[in-house]
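So the protein lines, in turn, are chains A and B.
Positions 8 to 262 (the numbering used here) are the ones given, in order, by the first sequence.
Positions 1192 to 1444 (the numbering used here) are the ones given, in order, by the second sequence.
What the hints contain is simulated information worked out from the structure, not anything from laboratory work.
Incorrect hints may appear among the rest.
[Said to hold, decoys possible] Subject to a maximum C-alpha distance of 25 Å in a straight line, what follows is the list of computed SDA-like cross-link-like pairs (lysine to any residue): (1) A:K244 / B:Y1349; (2) A:K145 / A:A121; (3) A:K145 / B:G1204; (4) B:K1199 / B:Y1349; (5) B:K1199 / B:P1412; (6) A:K124 / B:P1412; (7) A:K145 / A:R188; (8) A:K124 / B:A1408; (9) B:K1261 / B:A1210; (10) A:K145 / B:E1416; (11) A:K145 / B:V1417; (12) A:K124 / B:P1337; (13) A:K124 / B:E1322; (14) A:K145 / B:G1257; (15) A:K145 / B:D1415; (16) A:K145 / B:K1261; (17) A:K124 / B:L1330; (18) A:K124 / B:L1335; (19) A:K145 / B:M1346; (20) A:K124 / B:F1258; (21) A:K124 / B:L1211; (22) B:K1199 / B:S1372; (23) A:K124 / B:M1411; (24) A:K244 / A:G54; (25) A:K124 / B:K1261; (26) A:K145 / B:G1310.
[Claimed, not checked] FRET-style restraints, in silico, Cβ to Cβ: (27) B:T1418 / A:P250: 54 to 60 Å; (28) A:A137 / B:V1274: 57 to 63 Å; (29) B:E1416 / A:H86: 26 to 32 Å; (30) A:T13 / B:T1418: 44 to 50 Å; (31) B:I1342 / A:K124: 23 to 29 Å; (32) B:I1353 / A:N181: 14 to 20 Å; (33) A:E234 / B:W1377: 38 to 44 Å; (34) B:L1440 / A:A88: 55 to 61 Å; (35) B:D1351 / A:E234: 54 to 60 Å; (36) B:D1355 / A:A88: 33 to 39 Å; (37) A:R84 / B:S1206: 51 to 57 Å.
[Claimed, not checked] Now the stretches of chain B that chain A is said to cover, found in silico as 3 or more residues with beta-carbon under 8 Å: (38) 1338-1347; (39) 1394-1401.
We put the CB at the ideal spot given by N, CA and C, even for glycine.
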Amino acid sequence: MTAPTTPPPSLEVSGLAFAYPDGHQALFGVDFSVARGERVALLGPNGAGKTTLVLHLNGILTGGAGTVRVAGLPVGREHMAEIRRKVGIVFQDPDDQLFMPTVREDVAFGPAAAGLKGPELEARVDDALARVGMAEFKQRPPHHLSFGQRRRVAVATVLAMEPEILVLDEPSSNLDPASRRELADILRSLDVTVLMVTHDLPYALELCPRALILSEGVIAADGTTGEVLADDDLMRKHRLELPFGFDPGSVTMGA
Amino acid sequence: MGAGHAHKLYRHGHSPVHALPPHTKLAAVFAFVVVVVSTPREAVWAFALYAALLAGVASAARVPAGFVLKRLLIEIPFVAFAVLMPFVAQGERVEVLGLSLSVNGLWGAWNVLAKGTLGVAASVLLAATTELRELLLGLQRLRLPPLLVQIASFMIRYGDVITDEMRRMRIARESRGFEASGVRHWGVLAKSAGALFIRSYERGERVHLAMISRGYAGSMPVIDEVTATRTQWSYALALPATALCVCLLGWTL
């Protein structure tokens, strides 16, 4: 399909600056945009302002300078419900994300809050769970699932809202290697824009063609993930380190 | 862990009592308890009839007597209080086995014991035939304030998470050579409790963030609508209705 007009980028952040009420300034003018369908890694040392940035994407934090647009829609009070449906954030601890007594109710929470009910709601839940391979765990309470399964259900809770962009906070943390790979397969199979906040650099290289480095509240680098990771000076300057023995140049990526 | 992670009080089954919608059962138990409590204590036979009614429900639900009796043990602290009453109450006294007991106290003790036991037995039957999750849906349907229902449902969801956190903190304490063996160590335990409170509070904040990120705006969306037909209602209310007849007889006879 050749679209005559290109769709607006999924995410457009311009001049975003923010200081916490205690005076600590976390962001000093952040600019970047993510086109529809892109998978982008957001890298940066601890304390670089990554979490602060994520909380701006769906309007939980506001009041600083600059603007955030999601699919052309400015994040602000008047479109808040719409924005929160479009931006799906998967938080780091699935126990925070999964707050309902059963997996099914948890996945249904977002769409039900948006007004969906009956068979339509049920179909949405089934579809989201099928996409992360957790369909048979529908009636289970979340605290009886393994950590990897909980993380997958957490992704499903957000997919059920059919978001414009999926924002993942440290998706590979605390996962064993098999769960880590399963999650990668799932994320690759999704046809959705992804912004992935991570310290797991090989994971970023595997999943995201493009990477941003956020350091001291500004975007310090923006390029293809392979080039960013191969730039030793850049990496050292922003306290980013590859795992021992890992050479991004030697990795051949599948098509 | 394993399959069927129901609560200990729940007994899995497919009886007609299990199948009733939760809010009808809640209403029936509540009405039954009100009727029992308003029965005059002198109508001893009425309480026997109530017990027989409950036994009937238990057999319809295929809940064995032993299961109910074992769970009735929760009543013991109240029984201890009832046993004291004949000794401490004032008024006319009778001699039983050489002990001087108050007549009023004896009737009072009987009153607490009989009504308490029937109330607990009815609740045990309710819990044995209704899953916790369903009970919450029932309470929601009966228009209990939504805030209370939300608090209860978060307790179910996070009870295990917080117990686990507590266990990890205990292991961490013990790994560093700490063992609570006396009053001197209460300070440490109190600080652990404080830390647990703060951790839970912070988790609450993170959960709230996750909720508003998915469109929460103060009220839980309705995911499961529980409904009851007229027959289901009449089936459930048969218990308190029969009990009401017994109660009225108790007042008139």
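Here is what the structure says about each hint:
At most 25 Å may separate the alpha-carbon atoms for a hinted pair to count; K244 (chain A) and Y1349 (chain B) exceed this at roughly 42 Å. Among the hinted pairs, K145 (chain A) with A121 (chain A) is consistent with the structure: their alpha-carbon atoms are about 21 Å apart, no more than 25 Å. Between the alpha carbons of K145 (chain A) and G1204 (chain B) the distance comes to roughly 21 Å, so the proposed pair stays at or under 25 Å and holds. At most 25 Å may separate the alpha-carbon atoms for a hinted pair to count; K1199 (chain B) and Y1349 (chain B) meet this at roughly 17 Å.
Under the criterion of a C-alpha separation no larger than 25 Å, the hint pairing K1199 (chain B) with P1412 (chain B) is inconsistent with the structure, at around 29 Å. Of the pairs offered as hints, the one joining K124 (chain A) and P1412 (chain B) holds, with about 9 Å between alpha carbons and a cut-off of 25 Å not exceeded. Using a Cα cut-off of 25 Å, the hinted pair K145 (chain A) and R188 (chain A) holds, with the two alpha carbons roughly 22 Å apart. Our distance criterion of 25 Å between C-alpha atoms is met by K124 (chain A) and A1408 (chain B), whose separation comes to about 17 Å.
For the proposed pair K1261 (chain B) and A1210 (chain B), the alpha carbon gap of about 24 Å is at most 25 Å, so the pair holds. Proposed proximity of K145 (chain A) and E1416 (chain B) is supported: the alpha carbons are some 18 Å apart, at most 25 Å. A C-alpha spacing of about 19 Å is found between K145 (chain A) and V1417 (chain B), which places the hinted pair at or below 25 Å, so the restraint holds. For the suggested pair K124 (chain A) and P1337 (chain B), the alpha carbons sit about 19 Å apart, so the restraint of at most 25 Å is met.
Distance check on the hinted pair: K124 (chain A) and E1322 (chain B) sit about 23 Å apart at the alpha-carbon level, within 25 Å; holds. For the hint pairing K145 (chain A) with G1257 (chain B), the CA-to-CA distance comes to about 34 Å; that exceeds 25 Å, so the pair is violated. Between K145 (chain A) and D1415 (chain B), the direct Cα distance comes to roughly 14 Å. Compliance with the 25 Å bound is thereby established for this hinted pair. For the given pair, K145 (chain A) sits about 33 Å from K1261 (chain B) by alpha-carbon distance, which is inconsistent with the 25 Å threshold.
With a C-alpha separation of about 20 Å, the suggested pairing of K124 (chain A) with L1330 (chain B) holds against the 25 Å cut-off. Restraint check for K124 (chain A) and L1335 (chain B): satisfied, since their Cα atoms lie roughly 22 Å apart, inside the 25 Å limit. For the suggested pair K145 (chain A) and M1346 (chain B), the alpha carbons sit about 21 Å apart, so the restraint of at most 25 Å is met. Distance hint between K124 (chain A) and F1258 (chain B) is unfulfilled; the C-alpha atoms sit about 39 Å from each other, more than 25 Å.
At most 25 Å may separate the alpha-carbon atoms for a hinted pair to count; K124 (chain A) and L1211 (chain B) meet this at roughly 23 Å. For a cut-off of 25 Å, the pair hint linking K1199 (chain B) to S1372 (chain B) is broken: about 31 Å separates their Cα positions. Between K124 (chain A) and M1411 (chain B) the CA atoms are separated by roughly 13 Å; this keeps the pair inside 25 Å, and the hint holds. Taken as a hint, the K244 (chain A) and G54 (chain A) pair is honoured in the structure, with Cα atoms around 15 Å apart against an allowance of 25 Å.
About 42 Å separates the Cα atoms of K124 (chain A) and K1261 (chain B), which puts this hinted pair outside 25 Å; it is violated. A hinted pair counts as satisfied when its Cα atoms are at most 25 Å apart, and K145 (chain A) with G1310 (chain B) does not qualify at roughly 36 Å. A hinted range of 54 to 60 Å for the beta carbons of T1418 (chain B) and P250 (chain A) is consistent with their spacing of about 56 Å. For A137 (chain A) and V1274 (chain B), the Cβ-Cβ distance of about 60 Å falls inside the hinted range of 57 to 63 Å, so the restraint holds.
For the hinted restraint 26 to 32 Å between E1416 (chain B) and H86 (chain A), the CB-CB distance of approximately 29 Å keeps it satisfied. The hint said 44 to 50 Å for the Cβ distance between T13 (chain A) and T1418 (chain B), and at roughly 49 Å that hint holds. Here the CB-CB span from I1342 (chain B) to K124 (chain A) is close to 24 Å, well matched to the stated 23 to 29 Å. Between I1353 (chain B) and N181 (chain A), the C-beta spacing of about 19 Å keeps the proposed range 14 to 20 Å intact.
Checked against the hint of 38 to 44 Å, the pair E234 (chain A) and W1377 (chain B) fails, with Cβ atoms roughly 59 Å apart. Checked against the given bound of 55 to 61 Å, the beta carbons of L1440 (chain B) and A88 (chain A), roughly 58 Å apart, stay inside it. As the Cβ distance of D1351 (chain B) to E234 (chain A) is approximately 46 Å, the hint placing it in 54 to 60 Å is violated. For D1355 (chain B) and A88 (chain A), the hinted distance range of 33 to 39 Å is satisfied, since their beta carbons lie about 34 Å from each other.
The given range of 51 to 57 Å is respected by R84 (chain A) and S1206 (chain B), whose C-beta atoms sit roughly 53 Å from each other. Closer than 8 Å: that is the beta-carbon criterion, and the segment 1338-1347 of chain B has 3 residues meeting it against chain A, so the requirement of 3 holds. Note: the segment 1394-1401 of chain B has 5 residues with beta-carbon separation from chain A under 8 Å; the three-residue rule is met and the coverage holds.
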